[in-house]
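J.: Chains as they are written, first to last, in the working numbering: chain C, 470 to 781; chain V, 4 to 420.
One should not assume that every hint holds.
To be verified - Footprint (simulated), chain V over chain C, 3 or more residues, beta carbon under 8 Å: (1) 578-591; (2) 595-602; (3) 614-626; (4) 660-670; (5) 674-680.
It is worth saying that the hints were derived from the structure and are not from the lab.
For each residue, glycine too, the CB sits at the ideal point set by N, CA and C.
Spelled out, the chains give:
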Amino acid sequence: MARKPELLVTAASLEELRRLAEAGADAFVIGESRYGARLPGEFGLEQLEQAVQYARSSERQVRIYAAVNNLMDNATSDTLPEYLSKLAAIGVDAIVFGDPSVLMAAREASPGVPLHWNAEMTSTSYAQADYWGRRGATRIVLARELNMEQIIEVKQRTTLEVQVQVHGMTNIYHSKRSLVDSYLGHLGKEPGGLDSSLGKGLYLTEEERQGERYPIYQDAHGTYMMSSDDICMLENLHELLEADIDSLRIEGLMKTPEYNETVVRAYRAAMDAYADNPSGYRFNPEWLNAIRRVQDPERELSYGFFYKEQVY
Amino acid sequence: MAMTMNTPGPTGKRHRLDRPELLAPAGNLEKLKFAVHYGADAVYIGGQKYGLRSGADNFSFEEMREGVEFAARYGAKVFVATNIYAHNEDIAGLEAYLRKLEEVGIAAIIAADPAIVETAQRVAPGLEVHLSTQQSVLNWRTVKFWKDEGLPRVVLARETSLEEIAEIKAHVDIEIEAFIHGAMCSSFSGRCVLSNHFTDRDSNRGGCCQSCRWKYDLYVDGDTVTGEDENQFTMGSKDLCMIRHIPELIEVGVDSFKIEGRMKSLHYVATVVNAYRQAIDSYFNDPAAYELKPEWLDEVNKAANRPLNTGFFFDTPGTEDHIYEAEDKAAPYDFAGVVQSYDETTGLAVIQQRNHFKPGQEIEFFGPGGTFFKQQVGEIRDVEGNVLDAARHPLQQIVLRTEQPVKPMDMMRKRIR
Numbered sequence: 470m471a472r473k474p475e476l477l478v479t480a481a482s483l484e485e486l487r488r489l490a491e492a493g494a495d496a497f498v499i500g501e502s503r504y505g506a507r508l509p510g511e512f513g514l515e516q517l518e519q520a521v522q523y524a525r526s527s528e529r530q531v532r533i534y535a536a537v538n539n540l541m542d543n544a545t546s547d548t549l550p551e552y553l554s555k556l557a558a559i560g561v562d563a564i565v566f567g568d569p570s571v572l573m574a575a576r577e578a579s580p581g582v583p584l585h586w587n588a589e590m591t592s593t594s595y596a597q598a599d600y601w602g603r604r605g606a607t608r609i610v611l612a613r614e615l616n617m618e619q620i621i622e623v624k625q626r627t628t629l630e631v632q633v634q635v636h637g638m639t640n641i642y643h644s645k646r647s648l649v650d651s652y653l654g655h656l657g658k659e660p661g662g663l664d665s666s667l668g669k670g671l672y673l674t675e676e677e678r679q680g681e682r683y684p685i686y687q688d689a690h691g692t693y694m695m696s697s698d699d700i701c702m703l704e705n706l707h708e709l710l711e712a713d714i715d716s717l718r719i720e721g722l723m724k725t726p727e728y729n730e731t732v733v734r735a736y737r738a739a740m741d742a743y744a745d746n747p748s749g750y751r752f753n754p755e756w757l758n759a760i761r762r763v764q765d766p767e768r769e770l771s772y773g774f775f776y777k778e779q780v781y
Numbered sequence: 004m005a006m007t008m009n010t011p012g013p014t015g016k017r018h019r020l021d022r023p024e025l026l027a028p029a030g031n032l033e034k035l036k037f038a039v040h041y042g043a044d045a046v047y048i049g050g051q052k053y054g055l056r057s058g059a060d061n062f063s064f065e066e067m068r069e070g071v072e073f074a075a076r077y078g079a080k081v082f083v084a085t086n087i088y089a090h091n092e093d094i095a096g097l098e099a100y101l102r103k104l105e106e107v108g109i110a111a112i113i114a115a116d117p118a119i120v121e122t123a124q125r126v127a128p129g130l131e132v133h134l135s136t137q138q139s140v141l142n143w144r145t146v147k148f149w150k151d152e153g154l155p156r157v158v159l160a161r162e163t164s165l166e167e168i169a170e171i172k173a174h175v176d177i178e179i180e181a182f183i184h185g186a187m188c189s190s191f192s193g194r195c196v197l198s199n200h201f202t203d204r205d206s207n208r209g210g211c212c213q214s215c216r217w218k219y220d221l222y223v224d225g226d227t228v229t230g231e232d233e234n235q236f237t238m239g240s241k242d243l244c245m246i247r248h249i250p251e252l253i254e255v256g257v258d259s260f261k262i263e264g265r266m267k268s269l270h271y272v273a274t275v276v277n278a279y280r281q282a283i284d285s286y287f288n289d290p291a292a293y294e295l296k297p298e299w300l301d302e303v304n305k306a307a308n309r310p311l312n313t314g315f316f317f318d319t320p321g322t323e324d325h326i327y328e329a330e331d332k333a334a335p336y337d338f339a340g341v342v343q344s345y346d347e348t349t350g351l352a353v354i355q356q357r358n359h360f361k362p363g364q365e366i367e368f369f370g371p372g373g374t375f376f377k378q379q380v381g382e383i384r385d386v387e388g389n390v391l392d393a394a395r396h397p398l399q400q401i402v403l404r405t406e407q408p409v410k411p412m413d414m415m416r417k418r419i420r
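Please model the entire structure based on the sequences and the hints provided.
T.: Shown next as structure tokens:
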């Protein structure tokens, strides 16, 4: 049997978390939007504690990672020591961060709690992984804009755990500005007259790319624009498994629990089949068909940047 | 200009300037010379690798050396932007590149990727490392992190307010650099991959195709949220301009005033540097009597490519801070020529042509320190003495009578509407 990597998922609620754990997820990244970026649901400290208690008692011993990966302003930064010490007391299995202020606070407030570096699009090399490793991170979450070759090389050259996203949408733009409200103002409408929060169905189209729908939403930290397609690496998952990538993430943002459960089951099946017999592993098209049956027809399943060559 | 040391930091380097530095962009060697001549205390440039403006001319090491020597004559420094987020394949060659920058006399690099930061500290200790705005640093604890890592300076995210800058300065003794003029990413810097998704061009390695300024439509559940015109939604921001707020910036303790624009023209760089230089000097000559001079604002507006605003310094930008209509060039002026020489006895100047001009047009001459006058173009000749009906050829030497004395490197612009 080969070593099994982790299947990491988001969850919008405790209920969804239990459901996805039963479907085969190994770990969850959850938290509250004051500290965590682009979360599908709110887990305040109380809910987070319940999630940890559930995880401890769960048959499969799932792990809970706290999302603390926002860019922090002074006011939020001031509250970090208290928040992180509470996370440590609750017993989260790791703290996910993307701003060095968290590392500074964690050194005193949550010593011993593993730290995962996740600055999304800016985590781009083995050298950067090693940098954060020397400063206490145990894992690097790689940018979704890297390709397979680059991902494999990072894994070969760093001692840190490597996490990549294998399924779901990705964030492609984050502004501190409230761009939907500003636009409403331009149209002479009441800013806030349109609910532009997560899950309200707002999307952008670009003049030259009709047919591509880019979800957009606002929260207290500004405006987010999301990819028009969903990454789906299921068919080629063996490449990541062969490369010994440590954690494979499914992004559940803007998806129903049914959808996420279907996706988790499909990846679980593929990962288990590979672990049982790597050399005899065969992709089973039925795994992908199950996802296709619940996939929004407006959103293409794609390989993201895994097989792309970018220029600059 | 004097830059003295206050309390020395752990690295032994200065970390607070007694008077803020005016830091200007220079897309090529000529722009560097003009930026320095017009009053920049430091300029930042791009080399052939590791910089975020792959579309700019960018400097060879030889040009860097010449730029450093030129700047030194004015007591100015040269920084190099090495502000990409490196991928695996960019790491090989980094050490040699950084050593070379140190060798040619570059004072500092501006870096975002921690791997580049650390490599520079290890292999080129003579280079200061300034943390780039691409790291989107917003809070004092993160600033403290970089200070503890040995960096003497942090360029803050454009999203920090004056109040937040004051808090940062109160918590951490470090040089703070802030953008005070020029184009802005509407996203957090480094946190936008629109370019990657639309065109496979990597924005964090210099390939940004400015997709935020393209045209979009906003929909809710299949219905467009718009008036009669389609594709009005935009993420495009107006440009930053803080010329009206020099005292606030100085008093809050910003150590380096940074002008954006390595892709901008020679005329833009000279004009904007000139205005800010005068404003900063005027404040330090007599803070109590400081007044914004309308001509500084006029000058800045003559170089403006877009409408201007104050970014996040006072409040989060709203409707009025974005560009929803077609972008008009804001300035009714164009760069026309550069003074090469002036003969006091004849009152004739030799002008190097930079844009078409002809007799009868309204022109302005300006130079460092705010020298300025307007006149009409009279008779023009080439250097052989032939009378011309227009100055048509780029870089052609044109002889022209000026109504007041001018100096080499003074600039000439023409009114275009």
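J.: So, for every hint listed, does it hold in this structure?
T.: Verification of the hints:
Residues of the region 578-591 of chain C lying with their CB closer than 8 Å to a CB of chain V number 3, which satisfies the three-residue condition for coverage. Three residues within the 8 Å Cβ limit are the bar, and the region 595-602 of chain C against chain V gives 6, so the coverage statement holds. Taking a C-beta to C-beta cut-off of 8 Å, the region 614-626 of chain C contributes 6 residues in contact with chain V, enough for the three needed, and the coverage statement holds. Three residues within the 8 Å Cβ limit are the bar, and the region 660-670 of chain C against chain V gives 4, so the coverage statement holds.
A count of 5 residues in the region 674-680 of chain C with a Cβ less than 8 Å from any Cβ of chain V is obtained; the coverage claim is therefore met, three being the minimum.
In summary, this structure violates none of the numbered hints.
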